[in-house]
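Asks: This is what each chain is made of:
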Amino acid sequence: MPNRFSGHSITCFRGERFVFEALDFSVESGEALVLTGPNGSGKSSLIRIMAGLLAAVDGRLEWNGESVSQTPEDHHARLHYVGYQDAIKPVMTVRENLAFWAGLRGAPNGVAGALRIVGLGGIAEMPAQFLSSGQRRRLSLARIVASTAEVWLLDEPTVGLDRNAIGILESLIAEHRAGGGMAVLATHQPIALGGDERRLDISRFAARRQIFDDVEVGQ
Amino acid sequence: MIRTMRLLVARDLRLALRQGSDAAMVIAFFVITVTLFPLGVGPEPNVLARIAAGVVWVTALLATMLSLDRLFQSDYEDGSTDLLILSPIPLELVVLAKVLAHWMLTGLPLILTAPILAALMNMPSGGYPVLILSMFLATPTLSLIGSVGAALALGARRGGVLISLLVLPLYIPVLIFAVGAVDASITGLTPRPHLLLLGAVLAAALPLAPWAAAAALRHSLR
Numbered sequence: 001m002p003n004r005f006s007g008h009s010i011t012c013f014r015g016e017r018f019v020f021e022a023l024d025f026s027v028e029s030g031e032a033l034v035l036t037g038p039n040g041s042g043k044s045s046l047i048r049i050m051a052g053l054l055a056a057v058d059g060r061l062e063w064n065g066e067s068v069s070q071t072p073e074d075h076h077a078r079l080h081y082v083g084y085q086d087a088i089k090p091v092m093t094v095r096e097n098l099a100f101w102a103g104l105r106g107a108p109n110g111v112a113g114a115l116r117i118v119g120l121g122g123i124a125e126m127p128a129q130f131l132s133s134g135q136r137r138r139l140s141l142a143r144i145v146a147s148t149a150e151v152w153l154l155d156e157p158t159v160g161l162d163r164n165a166i167g168i169l170e171s172l173i174a175e176h177r178a179g180g181g182m183a184v185l186a187t188h189q190p191i192a193l194g195g196d197e198r199r200l201d202i203s204r205f206a207a208r209r210q211i212f213d214d215v216e217v218g219q
Numbered sequence: 001m002i003r004t005m006r007l008l009v010a011r012d013l014r015l016a017l018r019q020g021s022d023a024a025m026v027i028a029f030f031v032i033t034v035t036l037f038p039l040g041v042g043p044e045p046n047v048l049a050r051i052a053a054g055v056v057w058v059t060a061l062l063a064t065m066l067s068l069d070r071l072f073q074s075d076y077e078d079g080s081t082d083l084l085i086l087s088p089i090p091l092e093l094v095v096l097a098k099v100l101a102h103w104m105l106t107g108l109p110l111i112l113t114a115p116i117l118a119a120l121m122n123m124p125s126g127g128y129p130v131l132i133l134s135m136f137l138a139t140p141t142l143s144l145i146g147s148v149g150a151a152l153a154l155g156a157r158r159g160g161v162l163i164s165l166l167v168l169p170l171y172i173p174v175l176i177f178a179v180g181a182v183d184a185s186i187t188g189l190t191p192r193p194h195l196l197l198l199g200a201v202l203a204a205a206l207p208l209a210p211w212a213a214a215a216a217l218r219h220s221l222r
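Chains A and B, in that order, are what the protein sequence lines are.
Counting from 1, one number per residue, gives the positions in the first sequence under the working numbering.
Counting from 1, one number per residue, gives the positions in the second sequence under the working numbering.
In case anyone wonders, no lab produced these hints; they're calculated from the structure.
Since the structure is predicted, the reported quantities are computational estimates derived from the model, not experimental observations.
One should not assume that every hint holds.
[Stated by the list, open to error] The calculated label-pair distances, taken between Cβ atoms and stated as ranges, are:
#1 G113(A) to P129(B): 39 to 45 Å
#2 D201(A) to A10(B): 23 to 29 Å
#3 E73(A) to A200(B): 26 to 32 Å
#4 L196(B) to S6(A): 52 to 58 Å
#5 E73(A) to A10(B): 21 to 27 Å
#6 S220(B) to E73(A): 57 to 63 Å
#7 G59(A) to V31(B): 55 to 61 Å
#8 R158(B) to R14(A): 20 to 26 Å
#9 S220(B) to D24(A): 26 to 32 Å
#10 L196(B) to G180(A): 37 to 43 Å
#11 N39(A) to W211(B): 23 to 29 Å
[As the list claims (entries may be wrong)] To give an idea of the chain A side of the interface with chain B (calculated C-beta under 7 Å), a few residues:
#12 H76
#13 G103
#14 L104
#15 F130
All C-beta atoms, glycine included, are put in the ideal place defined by N, C-alpha and C.
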């Protein structure tokens, strides 16, 4: 039976304003969900809410119909999060950086293979401080290859990647979905996901309520 | 779970040793500050012997505090905190592992240096065993309490100053009982009640501090 990850009437409040409200989403095993919307519409916030890094002021996340807030560790164990920050330590080598995150998730053996897949196999012993921004991004993606997780939450995964690396990412997502995984992406750049992906335009849920509506400047 | 915590400790130790500054800086601060006292107070042996325990302990507190702002800061800046929160073990244990690494990098070197500095301050010989014992009981508490302050100060400007304002008042009980223990043993009284109280503070901080620091870490990302 396919698993189902869903959110119901989620409302996000950040920096003194409501970002979006009453947002519903749903992803099932084998599916991909692409979040679209202009800058500031809350794509990154929604992904962080999905990961449990950010608390929604209203609404709930469900896994197969059961609330995930009761068992946060189970939820964390089944997801991979790639944010705009790379979490790379410059004084450790490429391999050591990846080995730590893979080891933390109990998969220390996938490191060499993952580096080869993202095209960093040849510089595994190089200190990470010499990586270019595209290579740092590849190392972030190696993290989701090295250990398995059912849900991939990717926030702007293609930023800084060359055409070749985007191709690698596309095939990784296709493989992940074929194996029963699900992927959520926030991205502006075109990425080929097979054409059967769901799309969610967050700006449709832009919040209309404001809390400081009536305050006049200067009083 | 134990394996994961060992991985975390090993990573923090490796990072600290490669960057090479923190532990050495703490010890250098400890040594230099203690040597300032004979210069400032004057080289009268009896005066120095009287204030030895207090000087060594106050300086150890300050040295520990100096190292606290790096405890979570670099992970916070490069996004590692997100991934640590998302790791399959509870964040409280992640914090505990980081505190253990911090203690190995600051507390242990302080314990090793303290007897030498106490000798410099002409501390009576009866005080040494209790000095070392009190440091073994109290330096883990310093790292634990400090982790709460370090987590709370994340994202604040001038975080280092904020940490000292948050943490130093909480260090006062540790200072009182630790110096009390050493002074008691020098004057021939039993240091036992002081040491038991130090142990009690450690026993309370061990579960409470990681819990509080983890809550502060989660909040820092909001």
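Asks: Look at each hint and say if it fits the structure.
Replies: So, going through the hints one by one against the coordinates:
no.: 1; hint: G113(A) to P129(B): 39 to 45 Å; in the structure: violated, 54 Å
no.: 2; hint: D201(A) to A10(B): 23 to 29 Å; in the structure: violated, 45 Å
no.: 3; hint: E73(A) to A200(B): 26 to 32 Å; in the structure: holds, 31 Å
no.: 4; hint: L196(B) to S6(A): 52 to 58 Å; in the structure: holds, 54 Å
no.: 5; hint: E73(A) to A10(B): 21 to 27 Å; in the structure: holds, 22 Å
no.: 6; hint: S220(B) to E73(A): 57 to 63 Å; in the structure: violated, 20 Å
no.: 7; hint: G59(A) to V31(B): 55 to 61 Å; in the structure: holds, 56 Å
no.: 8; hint: R158(B) to R14(A): 20 to 26 Å; in the structure: holds, 24 Å
no.: 9; hint: S220(B) to D24(A): 26 to 32 Å; in the structure: holds, 29 Å
no.: 10; hint: L196(B) to G180(A): 37 to 43 Å; in the structure: violated, 57 Å
no.: 11; hint: N39(A) to W211(B): 23 to 29 Å; in the structure: violated, 38 Å
no.: 12; hint: H76; in the structure: holds, 5 Å
no.: 13; hint: G103; in the structure: holds, 5 Å
no.: 14; hint: L104; in the structure: holds, 5 Å
no.: 15; hint: F130; in the structure: violated, 14 Å
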